[in-house]
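Undergrad: Line by line, the protein sequences give chains Y and P. One point on numbering: in numbering that gives the first Met the number 0, the residue at position 44 of the first sequence is 43, and numbering is uninterrupted. One point on numbering: in numbering that gives the first Met the number 0, the residue at position 141 of the second sequence is 140, and numbering is uninterrupted.
Among these hints, one or two may not hold up.
Same chains, same names: a pair is fine if it fits in one copy or spans any two.
The calculated lysine to aspartate or glutamate pairs, modelled on EDC-like cross-linking and capped at a C-alpha distance of 16 Å, are [what the hints assert, rightly or not]:
(1) K111 with E323
(2) K328 with D201
(3) K328 with D301
(4) K111 with D125
(5) K240 with E98
(6) K111 with E266
No wet-lab data here; the hints were simulated from the structure.
Here's the letter readout for the chains.
There are 2 protein chains.
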Amino acid sequence: MTEPLATGSTIGILGGGQLGRMLSVAAARLGFRTHIFEPGANPPAGDVAHAVTTAPYEDEAALRAFANACDVVTFEFENVPTAALDLIEAQVAIRPGREALRISQDRLTEKKFLESLGLQVAPFADVPDMDAMTAAVEQIGAPAILKTRRFGYDGKGQARLHKAEDAQTAFADMNGAPAILEGFVDFSHEVSVIAARSPAGDVACFDPGENVHRDGILHTTTVPARLNTSQRMDAVLMAGKILNSLDYVGVLGVELFVTSEGLVVNEIAPRVHNSGHWTQNGCTVDQFEQHIRAIVGWPLGDGSRHTDVVMENLIGADMDRVPEYANDKDVALHLYGKTETKPGRKMGHINRIVR
Amino acid sequence: MTEPLATGSTIGILGGGQLGRMLSVAAARLGFRTHIFEPGANPPAGDVAHAVTTAPYEDEAALRAFANACDVVTFEFENVPTAALDLIEAQVAIRPGREALRISQDRLTEKKFLESLGLQVAPFADVPDMDAMTAAVEQIGAPAILKTRRFGYDGKGQARLHKAEDAQTAFADMNGAPAILEGFVDFSHEVSVIAARSPAGDVACFDPGENVHRDGILHTTTVPARLNTSQRMDAVLMAGKILNSLDYVGVLGVELFVTSEGLVVNEIAPRVHNSGHWTQNGCTVDQFEQHIRAIVGWPLGDGSRHTDVVMENLIGADMDRVPEYANDKDVALHLYGKTETKPGRKMGHINRIVR
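Produce the entire structure from the sequences given, and follow the hints as far as they go.
TA: As structure tokens, this is what we get:
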């Protein structure tokens with residue numbers, strides 16, 4: 000796939016959650032159809048998609064039919080099983096590419112990759128077993144945080160070591176899963192850069208946002224972030240370096256710690272990112288459209304900020320505040336149509352316009 | 000239906016064209032599901048809807064099942080057959096209400112209604128037959144324009160009289176359909192007001208846009224429109240008067256001629272309107288979301304303009320310019336996913352950001 004896709008083509012999306020939902024709307028805005036592949040019933044993205052396949056990632060016939068119906072395939076989360084990706088890729092291009100997925104699926108691989116680019120990361124050590132754990136604690140010290148190498152998100156698969164003696168308990172928490180120990184970084188705040196790259200190699204970054212987490216889940220993103228000119232430039236250059244070295248196509252999220260010794264990369268996500276939701280009301284072209292433009296080979300759009308925004312996630316019972324938000328003239332509501340509210344579940348977000 | 004609808008409820012939309020499509024996206028943004036009823040196959044709105052019923056407006060069983068599946072019903076065009084509306088309304092509320100539809104479905108009724116509110120309209124005369132036609136031409140003179148009372152849109156069902164002698168030919172063009180003769184208004188330009196009213200009676204108007212037509216079809220809408228402060232206030236007051244007198248719920252488009260003797264109402268449309276598409280990139284809450292908010296009984300949103308915009312329709316072969324527009328950083332593209340391009344067919348629009 001080298002030519003730009005014509006409007007009317009079909010974009011496959013692996014995963015039918017809120018990111019798939021907002022990608023689907025952006026695709027429709029440019030005249031594309033979307034086809035969602037999602038194991039769970041009634042996916043939020045299904046309400047705004049041309050077609051939905053409900054099947055597990057192990058259903059080869061369903062995967063083949065899906066791939067056959069699509070002109071390009073993308074994903075809303077990085078933990079799609081490798082076998083499923085292999086099967087799809089035999090028929091149709093997956094964007095962003097497999098290398099970005101391979102790297103971001105494994106925290107250890109990701110850290111090594113980022114280091115190889117000369118970027119700063121938190122001190123880390125491989126923890127395949129308890130012996131390695133003991134050595135890692137000696138090397139890195141406490142406090143520190145033990146994280147599974149794979150399948151972690153929103154603070155899941157993590158255990159904190161307040162002191163060295165917590166090592167055994169923390170290791171037991173991993174249930175035998177390969178892990179890495181990360182040292183804490185002395186940072187003042189976290190920012191993220193949502194960056195896009197086209198097949199032609201053009202790169203465009205949205206303004207960095209400043210993130211506040213609560214209970215391990217993103218709570219707010221504020222733009223503009225507190226960064227001086229030099230930090231702002233560094234953030235964008237770092238994102239560009241990552242994109243280029245991966246020959247990346249699509250949108251990538253880069254989380255950065257701001258420290259007195261410069262920016263430290265926390266993690267990268269090879270997809271649209273919760274911390275980029277502010278772009279829906281801050282920019283003419285948002286992160287979702289930017290991703291669609293990239294993967295179909297269209298030119299990147301203008302992501303410059305016309306409005307300052309504070310994005311706030313609506314999690315679980317936060318939905319009770321929807322009537323209040325609906326009545327607030329400074330609030331743009333974005334709800335995901337999820338029928339069941341659960342504690343910790345992302346139900347929607349608001350973009351508060353800062354005038 | 001007096002209570003606000005809860006997010007997750009289903010909104011029925013009669014008509015699956017581009018207006019239904021953009022309404023559906025706005026509904027999804029607030030967590031609502033949409034169900035499209037459309038006689039034609041593969042409706043553009045179907046790509047972004049939870050459910051689609053493909054059936055003629057005469058299919059009573061399909062209409063009943065549709066009504067049964069919806070918590071409120073709205074429409075994207077005003078010429079839905081009355082019998083279908085009666086059947087739906089027996090089960091579920093239709094918003095905006097039937098009175099607005101009744102009036103706007105008939106040019107004669109509409110003119111009389113607007114006059115009854117003390118608003119200026121173009122000189123007009125009822126033309127049920129050729130005798131009346133002769134009298135109408137004597138009364139109004141030429142040039143003038145003969146229009147069918149019902150089912151006209153985008154310049155269809157109209158015949159121009161350049162001189163009085165064209166009367167017979169023009170009348171023959173109506174094929175026996177009841178018509179009205181309208182005198183020309185000496186206007187400098189046309190503007191339109193997109194106005195919304197909630198069940199509680201709150202009214203919110205978007206900034207008036209200035210319209211340019213080409214071959215009887217809207218070509219561009221520019222905001223802000225050329226209006227002085229007093230004209231701007233008049234436009235908004237007139238729209239409010241119309242909404243209130245109809246106890247209207249939803250978005251209404253009002254087309255106005257700007258003359259040296261004040262504003263003259265050209266026509267009203269009881270729905271979202273092509274001349275309001277600029278709001279998608281000019282405002283935090285666009286006309287589509289404003290309509291959805293009104294019909295589900297939520298508070299109206301903030302429709303103030305943050306950006307100046309020129310909307311331009313992409314009609315037929317204008318689609319050839321999409322690659323060029325995709326590359327223009329000042330252009331936001333909105334394509335309707337229509338598979339077949341035909342001359343005169345609305346395929347999409349662009350909103351050009353004016354910096």
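Undergrad: What are the numbers of the hints the structure violates, in ascending order?
TA: 1
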